[in-house]
Amino acid sequence: DTGVSQNPRHKITKRGQNVTFRCDPISEHNRLYWYRQTLGQGPEFLTYFQNEAQLEKSRLLSDRFSAERPKGSFSTLEIQRTEQGDSAMYLCASSLGSGSGDEQYFGPGTRLTVT
Amino acid sequence: AQTVTQSQPEMSVQEAETVTLSCTYDTSESDYYLFWYKQPPSRQMILVIRQEAYKQQNATENRFSVNFQKAAKSFSLKISDSQLGDAAMYFCAYRSARRNDMRFGAGTRLTVKP
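Chains as they are written, first to last, in this note's numbering: chain B, 1 to 115; chain X, 1001 to 1114.
Hints are computed from structural coordinates only; laboratory data are not their basis.
Given the structure is predicted, the values throughout are model-derived calculations rather than measurements.
Possibly wrong hints are sitting among the right ones.
[To be verified] A few chain B residues facing chain X, derived, Cβ under 8 Å: (1) GLN41; (2) GLU52; (3) GLU56.
[To be verified] Stretch-level coverage of chain X by chain B, calculated; a stretch enters the list once three of its residues show a Cβ under 8 Å from a Cβ in chain B: (4) 1062-1070; (5) 1073-1082; (6) 1094-1107.
[Stated by the list, open to error] Among chain B residues calculated to face chain X with C-beta under 10 Å, some are: (7) GLY3; (8) VAL4; (9) GLU44; (10) PHE45; (11) LEU46; (12) GLN50; (13) ASN51; (14) LEU55; (15) GLY85; (16) LEU91; (17) PHE106; (18) GLY109; (19) THR113.
All residues carry an ideal CB built from backbone N, CA and C; glycine is no exception.
Please put together the full structure from these sequences, using the hints given.
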């Protein structure tokens, strides 16, 4: 399977702990996106990478959140000092293209529960 | 700021019938893209159909078609000959041609009755 993969699929953590999620995009895709989806809502954009450069960040991405994409391959999203409000599904997507109409391929998500 | 509104939290359709899901959006831009994504239960989100705002012709993909009304800022999805596998959450999404953030609506849960 050469789709977008995310690990772990589920993460339960205690408030105040740090967590890190990984996303492996489709291999030739130069663009990578992170979204957050809470129950009953659509995904909310968090950040965007083109190759290794983080080009766009949402105001939702507080200073407790940091994302990286070293060497333009896989990406990690770290949340420091987790809060109960961080509980959500974190989705990663990748695409190949230079315009805004390219199809984004989504991963299965990482479900975070903060207790 | 661009917003996307899906006013139907839930819809149901009989197998083989046609259903239309509604979506409206708010933007001051003229160049953008609109998408419908499908999220089956416990499965990954997949693209159903996309529309470029500069194209007047409505997009179609097999049983899926859209009614794009640019002046009214409306983008509805029509599913013809509904199948059990069409049951899913459907999200309407907007993306500016100048930016990389995609804005999603809250979704419509579609149930298909056999």
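Next on the checklist: Checking each numbered hint in turn, tell me which of them this model violates, lowest number first.
Outcome noted: Structure breaks hints 2, 4, 5, 13, 15, 19.
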